[in-house]
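Visitor: The lines below spell out each chain.
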Amino acid sequence: MSQQNKQLVFPVIILMVICFVTALALAFTNELTKEPIATAIAEQELIAMQEALPDATKFETVTEHEMEFVKGLDETDEIVGYIFQNSHAGYGGDITVNLGVDTDGIITGVTPLELNETPGIGMQVGEPEFLEKFVGKQDNISLVTSDPAENEIEGIAGATVSVEAFIKSVNDGLDDYKEIDLNNDE
Amino acid sequence: MKEILSILFIAILVENYVFIKFLGICPFLGVSQKVDTAVGMSAAVIFVMVLATIVTWPINHFILEKLRMQYLQTLVFILIIAALVQIVETFMKKHMVSLYQALGIYLPLITTNCIVLGVVVLNVQRNYGFFTSIINSLGGGIGFLLAMFMFSGLRSKIDEADIPEFFEGLPITLLAAGLTALSFQGFVGVAENLFK
Amino acid sequence: MTSKDNIKSKKSEALDVFRRGLIRENPVFRLVLGMCSSLAVSSTLIGSLSMGIAVLIVLVMSNIIISLLRNVISDSIRIPAYITVIAGFVSVVEMLLQAFSTEIYDLLGIYLPLIVVNCIILGRAEGFANKNPVGMAALDGLGMGFGYIIAMVSIAFIRELLGFGSLFGIPIIPEEYHILLFSMPAGGFIVVGIMMAVSNKIAEKLGKPKAGLKEDACGGCPVAAHCQALRSNDLLAEGSEEAN
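Chains as they are written, first to last, in the numbering used here: chain A, 1 to 186; chain B, 187 to 382; chain C, 383 to 626.
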């Protein structure tokens, strides 16, 4: 009986040891790579922020008026604009957008952060041709199929859901700006 | 409701796991000759995909992510899937003999298959909630079924056709799969507008 | 004299173990393993090369470890044990890539963790590493790994050149001549299908069997027996000759 037990127990113990050692190795690697990964992610965020607010050289994350957002500063520590981050559900999960506005509320840039849409269709919302359309606009943006006016954006054929989610996030950001502006005037 | 339908539609057609995502190719190429085995295999795949999602999602959400041990995801997921299938197979053999005879033999093939691990990883990557993950996995499995079913019909036609010798077997199968994939590509534009 | 012969034959045996995986038993075109990833990331050369190197590293490392542990891992637990070791190395590669090259990490996407279930690695573990000493196992891993890279890069060469008109991202063919088909999933199937046909033709000329999901193929894939059982059930029922 004990021979049988041995045959059963021994392999399982070996397996558990292998699992344990593997998990340890992974934990070790995780420790090693935690910082570089965090740095890489921070760098990506910085690039995204820079694209949203090209005139700023420094970025400060603040929480004011019950909102968390980013203040963009130039070398003289003057505020050149703000960045607001909002998301809405697209197709492949949330679409998170960084909206950059200057101190007058005019859009300086938009950058998508999380984008998992359909390649070739919905993913086009991440491309420069689409993102440029937002620059220079202010006030709530609406979607049209052609001949965009002052505060309208022409959509992308076949990508309505992705585009709408993107625009909603942008509009949320614009609302955030209005909050700040209102509070600053007081 | 609309959201559920749209996720299903995308998982089954627009981002079909076989023809667009290239998951589950091995069983697809290997077991799609006869309609019976094709359907049996697909049923087993759907079953494992959904079951794996049900089990891995809570473990990921409540343990791995809470403890910030995401680096263990790959390891934990595949081990859970392997163990799960083993348990299910043993259980089926003893207590659900008829079901075992229909599905059971396919189960070992699915364990180490990219389609199961793939859908689990995908759900995590897209931050889907519990219910959404299950719908997505179900859709992926149904898409696999669709692919298998269509293809088993196609393959019997291929068998009857006159093919240059060095294309016989795998090459012509792959080419046929390619043409089928092309037709699925057409769904990509439909989805985004259908479920506004 | 005999010992010198021994050393010579050992060396040539070792060399053969390495060379096999490159062409003769190329994992993609001859053993038909790892189809999922070869179709998915082979649309660009950089993707193929990155995936290939990742697979090579995991394959060699897991072959080494499994070979070292081959006397300790008993039959009943071998599949979970292999999976654990392989998953471990894949996770390490994942973390390293995420830390040091976010671009490649994003490019490979979900296919990176899927290396765990890549039949090449599991197949070689089951079919070779658990029966051979470390040195041979490592060579086998190297050979199969490089064979995989060769296959992937050749597929990607065609797909990227014809589909995107570029090589490694460097534009070569002007946009009017891009054939979109090759960059799409459908193109992946078609290119691999054609290349496999070519490889079969060459094999036939050399008197070797065609690649297919037959008994000797699947290169030691642990579930090959199951696969075969299912397929022969089909054939017995149909009573006809397999098209393969």
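If you're looking for bench data, these hints aren't it; they were derived computationally from the structure.
One should not assume that every hint holds.
To be verified - Derived lysine to aspartate or glutamate pairs resembling DMTMM-like cross-links, with alpha carbons at most 25 Å apart: (1) B:279 / C:485; (2) C:583 / B:275; (3) C:587 / B:275.
What the hints assert, rightly or not - Counterexamples of contact, computed for chain A against chain C with all Cβ distances above 12 Å: (4) 18; (5) 23; (6) 31; (7) 35; (8) 44; (9) 96; (10) 132; (11) 136; (12) 144; (13) 181.
Ideal placement from N, C-alpha and C gives every residue a C-beta, glycine not left out.
Visitor: Quick one: work out the minimum CB distance from residue 144 (chain A) to chain C and report holds if it exceeds 12 Å, violated otherwise.
Guide: The assertion about residue 144 (chain A) holds, with a minimum of 28 Å to chain C.
Visitor: Hint check: residue 279 (chain B) vs residue 485 (chain C), CA-CA at most 25 Å. Holds or violated?
Guide: violated (47 Å)
Visitor: Is the Cβ of residue 31 (chain A) farther than 12 Å from every Cβ of chain C?
Guide: The assertion about residue 31 (chain A) is violated, with a minimum of 10 Å to chain C.
Visitor: Is the Cα-Cα distance between residue 587 (chain C) and residue 275 (chain B) 25 Å or less?
Guide: Not OK: residue 587 (chain C) and residue 275 (chain B) at ~44 Å, beyond 25 Å, violated.
Visitor: Taking 12 Å as the cut and beta carbons as the points, is residue 44 (chain A) off the interface with chain C?
Guide: At about 7 Å from chain C, residue 44 (chain A) fails to clear the 12 Å cut-off, so the statement is violated.
Visitor: Regarding the pair residue 583 (chain C) and residue 275 (chain B), is the alpha-carbon distance no greater than 25 Å?
Guide: Outside the cut-off at roughly 41 Å; violated.
Visitor: Could you let me know if the closest chain C CB is still more than 12 Å away from the CB of residue 136 (chain A)?
Guide: holds (29 Å)
Visitor: Please verify that the nearest CB of chain C lies beyond 12 Å from residue 18 (chain A)'s CB.
Guide: violated (5 Å)
Visitor: With d taken as the least Cβ-Cβ distance between residue 181 (chain A) and chain C, does d exceed 12 Å?
Guide: holds (35 Å)
Visitor: Taking C-beta pairs only, is residue 96 (chain A) more than 12 Å away from all of chain C?
Guide: Answer for residue 96 (chain A): holds, closest chain C Cβ roughly 15 Å.
Visitor: Was residue 23 (chain A) rightly flagged as not at the interface, with every chain C Cβ beyond 12 Å?
Guide: Non-interface label on residue 23 (chain A) violated, nearest chain C Cβ at 8 Å vs cutoff 12 Å.
Visitor: Just want to verify: residue 132 (chain A) was marked as not at the interface with chain C; is every Cβ pair farther apart than 12 Å?
Guide: holds (20 Å)
The structure shown violates the earlier hints numbered 1, 2, 3, 4, 5, 6, 7, 8.
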